[in-house]
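Turn these sequences into a full structure, and let the hints steer you where they fit.
As given, the protein sequences belong to chains A and B, one line each in that order. Letter by letter, the first sequence follows residues 1 to 125 in the UniProt record's numbering. Letter by letter, the second sequence follows residues 1 to 780 in the UniProt record's numbering.
Mixed in with the good hints there might be a few duds.
What the hints assert, rightly or not - Example chain B residues on the side facing chain A (calculated, C-beta under 7 Å, incomplete):
| no. | residue |
| --- | --- |
| 1 | Asn60 |
| 2 | Leu167 |
| 3 | Leu170 |
| 4 | Val171 |
| 5 | Pro602 |
| 6 | Leu606 |
| 7 | Ile676 |
| 8 | Phe715 |
Treat the hints as calculated values from the structure; they're not laboratory data. Just so it is clear, CB atoms sit at the ideal spot from N, CA and C, and this is done for glycine as well.
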Amino acid sequence: MEAVLSILVGLFFTAGIYLMLSKAIVRILLGVVVFGNAVNLLIFTAGRIMREVPPVMSLDMTQLTGDTANPLPQALILTAIVISFSFFSFLLVLTFRTYQEVGTDDTVKLRVAEPEGKILPPMGY
Amino acid sequence: MNQGTEAALLIALGFPFVGALLAPLVMLRFPRGGPWLLALAPTFAFITFAAQIGTVSSGNALVGGLPWIPSLDVGLSWYIDGLALAFALLVSGIGILIVLYAGGYLKGHPHHSRFMSFLLLFMGAMQGLVVADGFLTLFVFWELTSITSFLLIGFDHQREASRRAALQALVVTGMGGLALLAGLVTIGMATTTDTLSGLLANPDVLRSSALYVPALILILLAAFTKSAQFPFHFWLPNAMEAPTPVSAYLHSATMVKAGVYLLMRLNPVMGDTVLWETILPLFGGATLLVGSVLALRQSDLKLMLAYTTIGSLGLLVMLTGFGTETAVLGAVLYLIAHALFKGTLFMVVGILDHETGTRRIEDLRGLRSAMPLTFVAALGAGLSMAGIPLFTGFLAKETIYEALLAGGDAWSLLVLIVIILGNAAMAAVGLAVGLTPFTGSLRPTPQAPHEGPVLLWLGPVTLATFGLALALLSSAFYGAFADPMASAVAGLAVENHASPFPHVSLAFGLSLLTLAIGVAFYLGLQGMRRSIGGVLTAFGWGPDRGFDQVMRGLVTLSVRVTGVVQSGRLDVYITVAFVVVAAALWMPMLLTGELPVLPSIPQLLLHEWAVLLVAVVGLYAVVRTRNRLTAIVSLGIQGFAVALLFLLMGAPDLSFTQFMVETLSVVILALVMTRIRLEPTDHRPWNEKLLDGSIAILCGLGFGLLLLKVTQGTFDAALSAFFSANARIIAHGRNVVNVIIVDFRGFDTLGEIAVVTITGLAILAIIRIGTPQAKQEDRT
Numbered sequence: 001m002e003a004v005l006s007i008l009v010g011l012f013f014t015a016g017i018y019l020m021l022s023k024a025i026v027r028i029l030l031g032v033v034v035f036g037n038a039v040n041l042l043i044f045t046a047g048r049i050m051r052e053v054p055p056v057m058s059l060d061m062t063q064l065t066g067d068t069a070n071p072l073p074q075a076l077i078l079t080a081i082v083i084s085f086s087f088f089s090f091l092l093v094l095t096f097r098t099y100q101e102v103g104t105d106d107t108v109k110l111r112v113a114e115p116e117g118k119i120l121p122p123m124g125y
Numbered sequence: 001m002n003q004g005t006e007a008a009l010l011i012a013l014g015f016p017f018v019g020a021l022l023a024p025l026v027m028l029r030f031p032r033g034g035p036w037l038l039a040l041a042p043t044f045a046f047i048t049f050a051a052q053i054g055t056v057s058s059g060n061a062l063v064g065g066l067p068w069i070p071s072l073d074v075g076l077s078w079y080i081d082g083l084a085l086a087f088a089l090l091v092s093g094i095g096i097l098i099v100l101y102a103g104g105y106l107k108g109h110p111h112h113s114r115f116m117s118f119l120l121l122f123m124g125a126m127q128g129l130v131v132a133d134g135f136l137t138l139f140v141f142w143e144l145t146s147i148t149s150f151l152l153i154g155f156d157h158q159r160e161a162s163r164r165a166a167l168q169a170l171v172v173t174g175m176g177g178l179a180l181l182a183g184l185v186t187i188g189m190a191t192t193t194d195t196l197s198g199l200l201a202n203p204d205v206l207r208s209s210a211l212y213v214p215a216l217i218l219i220l221l222a223a224f225t226k227s228a229q230f231p232f233h234f235w236l237p238n239a240m241e242a243p244t245p246v247s248a249y250l251h252s253a254t255m256v257k258a259g260v261y262l263l264m265r266l267n268p269v270m271g272d273t274v275l276w277e278t279i280l281p282l283f284g285g286a287t288l289l290v291g292s293v294l295a296l297r298q299s300d301l302k303l304m305l306a307y308t309t310i311g312s313l314g315l316l317v318m319l320t321g322f323g324t325e326t327a328v329l330g331a332v333l334y335l336i337a338h339a340l341f342k343g344t345l346f347m348v349v350g351i352l353d354h355e356t357g358t359r360r361i362e363d364l365r366g367l368r369s370a371m372p373l374t375f376v377a378a379l380g381a382g383l384s385m386a387g388i389p390l391f392t393g394f395l396a397k398e399t400i401y402e403a404l405l406a407g408g409d410a411w412s413l414l415v416l417i418v419i420i421l422g423n424a425a426m427a428a429v430g431l432a433v434g435l436t437p438f439t440g441s442l443r444p445t446p447q448a449p450h451e452g453p454v455l456l457w458l459g460p461v462t463l464a465t466f467g468l469a470l471a472l473l474s475s476a477f478y479g480a481f482a483d484p485m486a487s488a489v490a491g492l493a494v495e496n497h498a499s500p501f502p503h504v505s506l507a508f509g510l511s512l513l514t515l516a517i518g519v520a521f522y523l524g525l526q527g528m529r530r531s532i533g534g535v536l537t538a539f540g541w542g543p544d545r546g547f548d549q550v551m552r553g554l555v556t557l558s559v560r561v562t563g564v565v566q567s568g569r570l571d572v573y574i575t576v577a578f579v580v581v582a583a584a585l586w587m588p589m590l591l592t593g594e595l596p597v598l599p600s601i602p603q604l605l606l607h608e609w610a611v612l613l614v615a616v617v618g619l620y621a622v623v624r625t626r627n628r629l630t631a632i633v634s635l636g637i638q639g640f641a642v643a644l645l646f647l648l649m650g651a652p653d654l655s656f657t658q659f660m661v662e663t664l665s666v667v668i669l670a671l672v673m674t675r676i677r678l679e680p681t682d683h684r685p686w687n688e689k690l691l692d693g694s695i696a697i698l699c700g701l702g703f704g705l706l707l708l709k710v711t712q713g714t715f716d717a718a719l720s721a722f723f724s725a726n727a728r729i730i731a732h733g734r735n736v737v738n739v740i741i742v743d744f745r746g747f748d749t750l751g752e753i754a755v756v757t758i759t760g761l762a763i764l765a766i767i768r769i770g771t772p773q774a775k776q777e778d779r780t
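What follows is the structure in structure tokens.
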């Protein structure tokens, strides 16, 4: 099971990185989402896989015993999903506003912060 | 050493720093008495050091300190022998007078208190430098003197010339500081000691080490930059942009001697080799000649003194490297005499500048009756500089000539001729500064000349008196001060013999000859000034202009490098980042040969295969579709597939969150996309596809293989077992994942909530501020 998921994680990374290498910001955004999923699955798989038994106790248990899914990666990923969603929203809005101001989502044309051509600083002391 | 002495020394070393901290307050509260109060710091240090003369002059050294990181043997440590004590007394003693002098010189200046603060800071650094034992202590204080020197030279920061001079001094001496660090590390490697006392205890280890030559080169670089040796001499005259108290203190009496101090300190362990005895006299001699010639050319009194300081430093380096005990004696006497007369003369020039408004030698004549005290001080120092009998300068010159006459070979003769010429030029300058402004008939100056206040004349008069008194009481001076210092430099006990009174000998004859040439120079000063100036103008280029060219080159180079490294293109940055990621993933696996074992086809249930297939199809669609909206929808497919996977693998909480987030993402993305009127497709050329694809596949494969390798290893479930065992007992919850989030890692979750909140606020801000709608609302 872990072997199959490892291959799937590899595919997620490949797709995410390929999208992030694009010059269109919208594609990069899609890539960030896929990349996030890839990382989550990576953590999940590295914590080992156990089918269909969630780490939840029945009413009469005081300790979680027997074969259940590993709770620790789940807790980490839960946090990660929420955080990556909030950042995704932020980046999306940033992209939108950039488009409103500049009229493009092509990263090659976005040169406001780092203008093209060499600009020499003042040469005095 | 008893504890009282150790505590007193610690206070003496720390007091100037405390004084620097309090200086603004003190000067604000006591505008008149402030300088006197601040002078307590150097006074305390001076008394403390003077109390050690008895111990040190009987041949003992004081060792002590304050541990900082004992496990690394790092801390503040001092080693006070004759050399360190003599320097410490000079630094603190002249420090007292300079603090008072600065109190009068900059009176009424808006940043007077800041200046006093810097000055005390430098004093503390210089004291620490000369008594330092540990290499680290030495290096830290060495750098601190460079930094405080930068602050003091650039004190008048609104003038570009000041800023340039400050930066130049910092660059040159900072480079030397780096060389010193490397040199000390090299010495440490060669001798396995990290203290000067340890080094001096085994003097022959370093000389016979294979690392001697690199260590020597680095140490010389440090000393030559600090002590303004040719070809690094150019920063010192520029440093005269600083207010005159700084020039008198840092750039003649103390800081520039730090390089000489280093050479003298290491003479017992690095000297006595052919390299040492060739390089030092060579560079010192060149410096002496360059400094003397350029001094004669100046008409600004301060610059004349600055260039003779370069010459004097060259002379000291020359004598330190000459190698005989008598030469060391001469160097030590000259160093002390120089500190006294040059400090005096700088302060005298400061008074002239302050009270008449000019320091051009052509404009100043006949001031003897208007400024009698200044005249007395100037005359005393000038005569000492010229080497007239009865003054310390004479003792130094006698001893130097004796040392060189004892050599008797061609090399000694060459050194002797260079020194006679240099001394003659310096005698001429000494007379020019000490006599010319005060003799003849009064000339009109920008301000009506009058004697300066007590704060101003106290320093030069005291120093000039010492220059005479130490010579007249020469036997006491030798026993308490000069002999222990020279013994520390020579590495064995030596004694001075020179007498302040004229007597018949070859050395005295040379003194007379020097004086005669000096007087000739003095009388022909105007003509020489013109001719030297003409030669220099014809030559054009000098290291000072070279500095500008180097700095300009540095800026241009850094602009070019930045242009390459930071191209300003996001795609380049991301490409570089992922190439590095791929390398980081592959290198360890390939280098150690730890690739995972290839897995066999696993037994999966049909619906599990189906979910995996959906995920792959979703991914393929996101990557392949040209149309943006289709890509967004496909993004939802892979996201839901992940959610299903979580559901199947016993993670219902993750699954629900993922469903919600993916749904929201797709909806928001689609909403925003419909508002953006971009072309529906975007195109990536085939060559970019190939490059990006290769990088992506390399990274993806790397992550996959790494994960495979990880899952094939053993699993440490200790943390999970802890949470599983304690979730109900400690935290009273049955859903272990939830318990971890809200209880065990509750603060993490608080942080997460904060991040989400801040992101939400940022989004709101970005949408509200500066959008076309908001701008319209503002207008109406």
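Self-check item: Satisfaction of the Leu170 (chain B) interface hint, Cβ to chain A closer than 7 Å
Solution: violated, 11 Å
Exercise. Closer than 7 Å between Cβ atoms is the bar; does Ile676 (chain B) clear it against chain A? Give me holds or violated.
Key: holds, 5 Å
Self-check item: Evaluation of the interface hint that places Leu167 (chain B) against chain A, nearest CB under 7 Å
Solution: Where the cut-off is 7 Å and the nearest Cβ of chain A is about 6 Å from Leu167 (chain B), the hint holds.
Quiz item: Close enough to count: is the Cβ of Phe715 (chain B) nearer than 7 Å to one in chain A?
Solution: Phe715 (chain B) check passes; min Cβ-Cβ to chain A is 6 Å, inside 7 Å.
Quiz item: Given Val171 (chain B) as an interface hint, is the shortest Cβ-Cβ distance to chain A below 7 Å?
Solution: It is violated, given that the least Cβ distance between Val171 (chain B) and chain A is near 11 Å, above 7 Å.
Self-check item: Leu606 (chain B) as an interface hint toward chain A, with CB separation required under 7 Å
Solution: With a minimum Cβ separation of about 14 Å from chain A (threshold 7 Å), the hint on Leu606 (chain B) is violated.
Quiz item: Would the stated hint for Pro602 (chain B) survive a check requiring a Cβ distance to chain A of less than 7 Å?
Solution: Because about 6 Å separates Pro602 (chain B) from the closest Cβ in chain A, which is inside the 7 Å limit, the hint holds.
Practice problem: Go through the hint on Asn60 (chain B) and say holds or violated, using the shortest Cβ distance to chain A against 7 Å. | Solution: The hint is violated - Asn60 (chain B) has no Cβ within 7 Å of chain A, the shortest such distance being about 49 Å.
Checked against the numbered hints given earlier, this structure breaks hints 1, 3, 4 and 6; the rest are met.
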